[in-house]
Each structure stands twice: as structure tokens, then as C-alpha cells.
Amino acid sequence: MDYIAQGFIHAIKLLLSGNPETYSAIITTLKVSTLSISMSLLIGIPLGFLLGYFSFPGKKQCRAVVDTLLAMPTVVVGLLVYGFVTRRGPLGEMGLLFSIAGIALAQTILVIPIVISLTATAIESLDRRLRVNLLTLGARGKQIAIASLLEARYAVLTAGVTAYGRAISEVGISMMIGGNIKWHTRTITTAIALETGKGQFAMGIALGLVLLAIAFTMNGIISALKRKTA
Amino acid sequence: MNETTPLYALSHIQHGYGRDFTLVIPEFSIEQKTSVGLVGPNGCGKSTLLRILSFLEAPNTGEILFDGRKVEGDLGELRNQVTLVLQEPYLLKRSVFDNVAYGLRIRGEKHDLKERVHEALDWVGLSPKIFAGRRWYELSGGEAQRVSVASRLILRPRVLLLDEPTASVDTHSAQLIQKAIRDIRTRFDTTIVIASHDRAWLSNITDSIIRIHKGRIVGTGVENIIPGPWGADRDNLWSKEIGEGNRIYALKPPEEHAVAVLHPWDIMIATEPPSAISAQNILPGEIRQLTVARENGRIQIDVQTPGIALTCTVTDHAAESLSLLPGRKVFVVFKASSLSWQ
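Just so you know, the protein sequences line up as chains E and L, in that order.
Residue 0 is where the first sequence starts when you use numbering that gives the first Met the number 0, and the numbers rise one by one after that.
Residue 0 is where the second sequence starts when you use numbering that gives the first Met the number 0, and the numbers rise one by one after that.
Calculated directly from the structure, the hints in this document are not laboratory data.
Every residue, glycine too, gets a C-beta built ideally from N, C-alpha and C.
One thing to keep in mind: the hints can contain errors.
Unchecked claim - Residues on chain L that point at chain E, a partial pick, calculated with CB under 8 Å: (1) Leu55; (2) Asn79; (3) Leu83; (4) Leu85; (5) Arg106; (6) Leu154.
What the hints assert, rightly or not - Derived DSSO-like pairs: lysine-lysine, alpha-carbon spacing no greater than 30 Å straight-line: (7) L:Lys109 / E:Lys225; (8) E:Lys225 / L:Lys32; (9) E:Lys58 / L:Lys92; (10) L:Lys128 / L:Lys113; (11) L:Lys92 / L:Lys109; (12) L:Lys113 / L:Lys213; (13) E:Lys225 / L:Lys113; (14) L:Lys178 / L:Lys113; (15) L:Lys92 / L:Lys178; (16) L:Lys109 / L:Lys178; (17) E:Lys141 / L:Lys113; (18) E:Lys30 / E:Lys197; (19) L:Lys113 / L:Lys92; (20) L:Lys32 / L:Lys109; (21) L:Lys178 / E:Lys141; (22) L:Lys32 / L:Lys113; (23) E:Lys141 / E:Lys59; (24) E:Lys141 / L:Lys109; (25) L:Lys92 / E:Lys141; (26) E:Lys59 / L:Lys92; (27) L:Lys128 / L:Lys178; (28) L:Lys32 / L:Lys178; (29) L:Lys128 / E:Lys225.
Isolated chain E, as found in the complex (with noise of 0.2 Å):
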């Protein structure tokens, strides 16, 4: 067990000394899931909304889909744009291969399903008194969609740290699409993976941490956020 709690202290040290490779890291991580959260976010919440508020012939079939698209392998993502964005593939001439481009246009194919179904539950699981209230204050069509979004603002965040938390933790779109390299686009989990493949205990640690941590503040931002509006 020793080596676990010398993994430990190793890992501060990295990370207090400023070791080049572990924030390349770091930086690449934050960067691809900056990326890919944001994008997911800009498509997710509207689709998601428009899945909750709306009732369209198909939508239970669409729901299902989604719903379904939530337990997609990584993997799976990762192999179905590795076979778009490879030089044979339809999208190859763009370069995404083996980019961090590439590696955020697979995280957000692989948590879109997440935003857009945890916003359109958020919208679904609205007050049913709150149409009729804003119908009776005077608010029409897109003002009752902006103030029922509005009330979801919380489910909403949630789905988006959910999400969050997908992206910044999956290993095999970085691997896959990615391809780990070093310096341009070895992520924290493919760096982990590596590490420990090569016995590397404490670089491991030490890059668990910084996942953990880069967590830990993701929560703590959102819970200050709703805290302040509520």
C-alpha cells in the first residue's frame, strides 16, 4: 500500500513544482471540455427545451432516443467519428483527426443527449399553475417560453454539471480521436491511463487529483451561482 501514499505526496510535489507535462495536461482537458461543454450547451438546452415544452406527433418516440443515446459507450462515439473525421472519412479533409477540435466535436456528440434530456425533464416537471399564472398576467408565446425556462434555471445548471462531469471524465473519444499525444493532445484521463500502464503511480495520482479538483470547483461555481439567484 505504501506506494499509493508515496503516490500521494509525489503527486503535491508535481503539482507545487509546476511540472510542465502534467499541466499540458491540464490545460488540453480544460480546453477540450470548455469546448465541447459549451457547444453542447448552445445546441442542448434549446433542443431540450423544445422537446419538454412542446407536445408534436413523434415527440415519445424522440424521447426514447435520447433517452437511449444517454448510455452511449465512449467508445462508440469514439469509433463513429474516428470513421468521419479519418483521412477516408467524409469529414477528413478538416484535420480533426488526432486535434483537439476533433476530440470536442466527439464529447459533444457524446453529452448533447445529457442537456437535452435533463432540460427537457426540467421543463416537463414545471408547476403546471405556471402557465396559467404568467397566461393570467398578460405574458404570450415567447414570454411564457423565456420565463418557464427562467424557472427551470436550476434543473437546467444541473444538466449542464452533469454533462460537465461526462465530458471531463470519458477515456476513450480522447484516446480514439485524440491519440494521447503528448504535449498537444494528451488529456488528464488518456495521461492517467498511460501513467499508470507504465507504473507510473504518482503521475497517475497526482492527474486523479487535478480531476477531482477541477470537479470540485466546477460544483462549487454552480452551487455559489444558484445560490445567488436564488
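Fit chain L to the given chain E structure using the hints.
For chain L alone, kept in the frame of chain E given last:
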């Protein structure tokens, strides 16, 4: 339109949600600047009528004239003139200030917003200093309902509809809501329609009361409504069991499930069981409430008999000489022929 045109004129209205319940109103009108109360048991159609009057729902059949014009097409403009306070207050997840300001903001009326919000809070007895910054979850039920009322009053609506506004609030809040309603009517000539179970509360702020029973307007509110079924009984009379072995006797109804109407002035009150009396109906009961009837100054007395609450009216002299006070055990007496059929 001139002032003699009724604000609402409903004709041949039928509205329902299923096979069992339908609101049926052949003709009904509400005059401008009046205050009308709606009474009736739960599920009788009061809320449905309010939803129709607030243009939230269009009736399945029938016609509504608002201010002399037929209600059809885009109702957005009409909805800006009419607002409804819901039985259970629903506040947006924002501050009290933002809740009260919401209606004005979406209308683009942002001038003097702070002053107007504070004024509306004052109207419902909430100090702006203390309450304007509070969050929606930092309010009691009564305070939340008053915020809900303030968010409507600030709009200075032409029509203010209220659905059981005091059902879930404390007495203090009920009094403040009553005052706010009376004040807005005086200030802006607002037409008021209020559904409530609390007839005493209602009679203080309404010009007239309308009773609804099973989706139909059955009277002017003061009458007692006794639904069937009726069964043939002795001496060519028909009767209905009301509980604890007591029966109400009536003349032959048009049908088994006919609804009987009994006027309060046809009921006598005795403090001892009367003997040697021709009236067929002598029911024991307990006085629940005394109210001064606005129109004639008589005392209105609500008596709970086994299975049914009856309202009677007596002179103030009779009330005093018989010591008719809440809690007193009495007997209500009325003739079988006093019951008329709806």
C-alpha cells in the same frame, strides 16, 4: 361602448371536460364596475366560469360579448384587460419585487417601476422595505397570496377575477386582501368577480352573489340549495334523508333528482322543539355564524343541521331576544311547501 352595456354578456354557454360535468349557462351578464360573488360547493363550476371569464378557456359552445364585442380571434388584447388571481398562489422563482413587476415589464411599461411596485405592495399591506427584496420561498402562504394579488393590482386591470383567494390564507391576510379589493374598485372602477366559500367575507365586498350548483346558476346566492334524490313519503309528501334519522319533506318534485330551493326568509328559528305546529320540517341544528345582510340589515344566520347547512334570516330584534349566538343549539322550522323546484 356606453356604461349601460354589460361588461360580460354570456349566452348559450356550454363547457365541459368530460361526459360527467358541463357548465351550462343560458344567459348571464355582469355589469360594468360591479362586484359579483360566486358561491357553490367544490366542483360546481365556479373555477371553470372564472377561466372562461378570464379568456383562459373558450367555451365549447355559446357566445361571449365583452364590452359589447364578440370574443373571438386573438385574445391577447382582452387578456391584458382581465386578470385572475388563482386559489393557490404561484410565484415565479424570483424576488417579490420581480414578481410584482413582471406584468408591467412584459407590457414594456418600465417607467416609475420601483414606485409602482412599492405602491402595489402597500395596497396589500406588505411593507416594500421588508418584502420587496425577499425571495419567493421566504413568504408565508398569506404573504404569497398577497404578492400574487399585488402583481395583478399593479396592472390596474379592468376586470379582477379571484378564485377562492382566501382559501389558504390566515384571517389577517384575508382582511388585507378584502381591503385591497375594495380600494382598487374605488380607485380604478375595476369590475370584480370573486369565487369564495366564505359568504360572510364575500358579502362585505360584493354587490350581488350568484350561486352555482352542478354547473348551473341556481340563484342569487342567499338561497339554500337542497339536491335530490327525493323519495315518495307519507301524506303525498316527498322526502330526502339528510342524516341522523332526519328528513326534509317537500311537495312532489318534477323528478327524483330535482334540486329544491329554500329561501332564508321562509325558515324560522326556535330555541325549543316546537309542538303543535303545521310545518313538516323541524330540524335540530347549531348556529355557526351570524352576519349582517347588507341589503336589508337583517341578521343572516348559518345553522348546521345534520347533513346540511342552512341559511336563515331574522330581524336583529329576534336575534337579540332569542340570544342567537354561534354555538347555540336551535331548531330550524319550515313548511314543505316552502321548497320550490329549480
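Query - 30 Å limit on alpha-carbon distance, applied to hinted pair E:Lys225 and L:Lys32 - result: 45 Å, violated
**Report entry** 30 Å Cα cutoff - pair L:Lys113, L:Lys213
**Finding:** 45 Å, violated
Query raised in the report: Given the proposed pairing of L:Lys92 with L:Lys109, does the C-alpha separation stay at or below 30 Å?
Result: 20 Å, holds
**Report entry** L:Lys178 paired with E:Lys141 [C-alpha distance capped at 30 Å]
**Finding:** 35 Å, violated
Query raised in the report: Has the given pair, L:Lys128 with L:Lys113, been kept, meaning a C-alpha gap of at most 30 Å?
Result: 12 Å, holds
Query raised in the report: Quick one, are L:Lys109 and L:Lys178 close enough, alpha carbons at most 30 Å?
Result: 27 Å, holds
Report task. Mind checking the alpha carbons of L:Lys32 and L:Lys178 for me, to see if they're no more than 30 Å apart? Result -> It holds: about 17 Å lies between the C-alpha atoms, which stays within 30 Å.
Query raised in the report: Are the Cα positions of L:Lys113 and L:Lys92 separated by 30 Å at most?
Result: This hinted pair holds, its Cα atoms lying about 19 Å apart.
Query raised in the report: Is the hinted pair E:Lys30 and E:Lys197 satisfied, with a Cα-Cα distance of at most 30 Å?
Result: 26 Å, holds
Query raised in the report: Does the structure keep L:Lys32 and L:Lys113 at a Cα separation of 30 Å or less?
Result: Holds, at about 28 Å.
Query raised in the report: For the pair supplied as a hint, E:Lys141 and L:Lys113, is the alpha-carbon distance within the 30 Å limit?
Result: Holds, at roughly 25 Å.
Query raised in the report: Given the hinted pair L:Lys128 and L:Lys178, is their alpha-carbon gap at most 30 Å?
Result: Given that 30 Å is the threshold and the Cα spacing comes to 21 Å, the pair holds.
The structure does not agree with the numbered hints 8, 12 and 21 stated previously, though it agrees with the rest.
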